[in-house]
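Asks: Please assemble the complex out of the two chains, which come individually in their own frames, going by the hints.
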Amino acid sequence: LAKTTQPISMDSYEGQEVNITCSHNNIATNDYITWYQQFPSQGPRFIIQGYKTKVTNEVASLFIPADRKSSTLSLPRVSLSDTAVYYCLSSGSARQLTFGSGTQLTVLP
Amino acid sequence: GAVVSQHPSWVICKSGTSVKIECRSLDFQATTMFWYRQFPKQSLMLMATSNEGSKATYEQGVEKDKFLINHASLTLSTLTVTSAHPEDSSFYICSATPVGLAVNEQFFGPGTRLTVL
Chain D
1 LAKTTQPISM
11 DSYEGQEVNI
21 TCSHNNIATN
31 DYITWYQQFP
41 SQGPRFIIQG
51 YKTKVTNEVA
61 SLFIPADRKS
71 STLSLPRVSL
81 SDTAVYYCLS
91 SGSARQLTFG
101 SGTQLTVLP
Chain C
1 GAVVSQHPSW
11 VICKSGTSVK
21 IECRSLDFQA
31 TTMFWYRQFP
41 KQSLMLMATS
51 NEGSKATYEQ
61 GVEKDKFLIN
71 HASLTLSTLT
81 VTSAHPEDSS
91 FYICSATPVG
101 LAVNEQFFGP
111 GTRLTVL
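Top line first, the protein sequences correspond to chains D and C.
Our numbering applies: residue 1 is where the first sequence begins, and numbers increase by one.
Our numbering applies: residue 1 is where the second sequence begins, and numbers increase by one.
So that you can see chain C by itself, here it is in the shape it has in the complex (with noise of 0.2 angstroms):
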């Protein structure tokens, strides 16, 4: 149980498109989902969490214009990457925590491989 997928896996785009990022709780649902970026050879770093039905809360130094987060149900998040540049390539990861659990506790997905060109 406890199973969050991720879509796509990878994705390569042009310089100046917006892509989109899937994130979904498959067999519980969750009030709370976080998004991470890691880039290679470093840790994960919290972008934003996500709350389902209002809006996310941002990490200092991430442009929320930039990286759009939507939680339009207990299952699902998506991350948009806007007008993506190739200083945005990286691993996109999300998380998800069930309802009823500590926020502490987190499951993840396996991650997205964005490649901006």
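In isolation and in its complexed conformation, chain D is listed as follows (with noise of 0.2 angstroms):
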């Protein structure tokens, strides 16, 4: 299975963007990239997908290099409620999700 490598926790402040890289070097032909954010006690919940270059939606943008080996989940100008952890996951459309280990992101004021 597809593994996924992600910072273990980031720090931010309210207002800045914040940029969290995930590295997938064995992603697969046909994989797609997600990402997902899960609070306490909580299901994940979706973010963004995408296979190559830039996609962007009202809460984030993902940036995925022409090699596709890494991809970079943009948060603009995050707030307090941002704190989660954000997990990277690559797949294909017919193979189930592999959580990695998230990178634990804690905005501050």
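Rather than coming from a laboratory, the hints here were simulated on the basis of the structure.
These figures come from a predicted structure and were not determined experimentally.
Mixed in with the good hints, there may be bad ones.
What the hints assert, rightly or not - Okay, derived cross-link-like pairs now, DSS-like style, lysine-lysine, Cα gap no bigger than 27 angstroms in a straight line:
| hint | chain 1 | residue 1 | chain 2 | residue 2 |
| --- | --- | --- | --- | --- |
| 1 | C | K41 | C | K55 |
| 2 | C | K64 | D | K3 |
| 3 | C | K41 | D | K3 |
| 4 | C | K55 | C | K66 |
| 5 | D | K69 | D | K54 |
| 6 | C | K41 | C | K66 |
To be verified - Among the chain C residues that face chain D by a calculated CB cut under 7 angstroms, a handful are:
| hint | residue |
| --- | --- |
| 7 | S43 |
| 8 | L44 |
| 9 | I93 |
| 10 | F108 |
What the hints assert, rightly or not - Derived DEER-like restraints, expressed as beta-carbon distance ranges:
| hint | chain 1 | residue 1 | chain 2 | residue 2 | range |
| --- | --- | --- | --- | --- | --- |
| 11 | C | G61 | D | N25 | 18 to 28 angstroms |
| 12 | C | C13 | D | K54 | 44 to 54 angstroms |
| 13 | D | N57 | C | V3 | 12 to 22 angstroms |
| 14 | D | Q16 | C | T57 | 35 to 45 angstroms |
Every residue, glycine too, gets a C-beta built ideally from N, C-alpha and C.
Replies: Okay, here's the thing in structure tokens:
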């Protein structure tokens, strides 16, 4: 199964842009990259998904370089409520999701 | 749309009893549902894949006779923890994939906190 590597933790301040990078060196041709957010004692919440280049939605942007061996989740102007664990996953359409360790983002006032 | 619910949200039981957790897709049909377990400060671990109308597929190391999964309809999957012990205390999360969408597009339930005394 494809494995992802991401920083264990990151700190930021309110109003700043946060970029979390994920490494997926063994990503398969058909794999998509998906990011989830999880608050304590809640199920993960879908943030964004992409295959290549850049994807943007109302909450985040996802940057994927041409070699697709890494991806960067960008959260613009974070607030205290963005404090959560962020998971990066790579998976094909027919394979189940495998969660890595995730990145604990702490937004400070 | 794409809401998944779980019931109960938390449960406390005595060692040796069985506990049933329900996972429902409220506004879509799901041929495939997944069950995860998450211990404190750890990531989600996939336990099993539940397919409507067929037997569940369990991940390595997960006892199928202890964690019974039933997926009797396109909107409901149940996980029964049989003869629960304190080491089964964990956060159980289900997810579902709407019919027609890829398996890697999953919607997660809010989770069920199980505490075994």
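Asks: Now tell me, hint by hint, if it's right for this structure.
Replies: The hints, checked one at a time:
| no. | hint | verdict |
| --- | --- | --- |
| 1 | C:K41 to C:K55 | violated, 31 angstroms |
| 2 | C:K64 to D:K3 | holds, 26 angstroms |
| 3 | C:K41 to D:K3 | holds, 19 angstroms |
| 4 | C:K55 to C:K66 | holds, 14 angstroms |
| 5 | D:K69 to D:K54 | holds, 14 angstroms |
| 6 | C:K41 to C:K66 | holds, 24 angstroms |
| 7 | S43 | holds, 5 angstroms |
| 8 | L44 | holds, 4 angstroms |
| 9 | I93 | holds, 5 angstroms |
| 10 | F108 | holds, 4 angstroms |
| 11 | C:G61 to D:N25: 18 to 28 angstroms | holds, 26 angstroms |
| 12 | C:C13 to D:K54: 44 to 54 angstroms | holds, 48 angstroms |
| 13 | D:N57 to C:V3: 12 to 22 angstroms | holds, 19 angstroms |
| 14 | D:Q16 to C:T57: 35 to 45 angstroms | holds, 43 angstroms |
Consistency note: the structure conflicts with earlier hint 1 alone.
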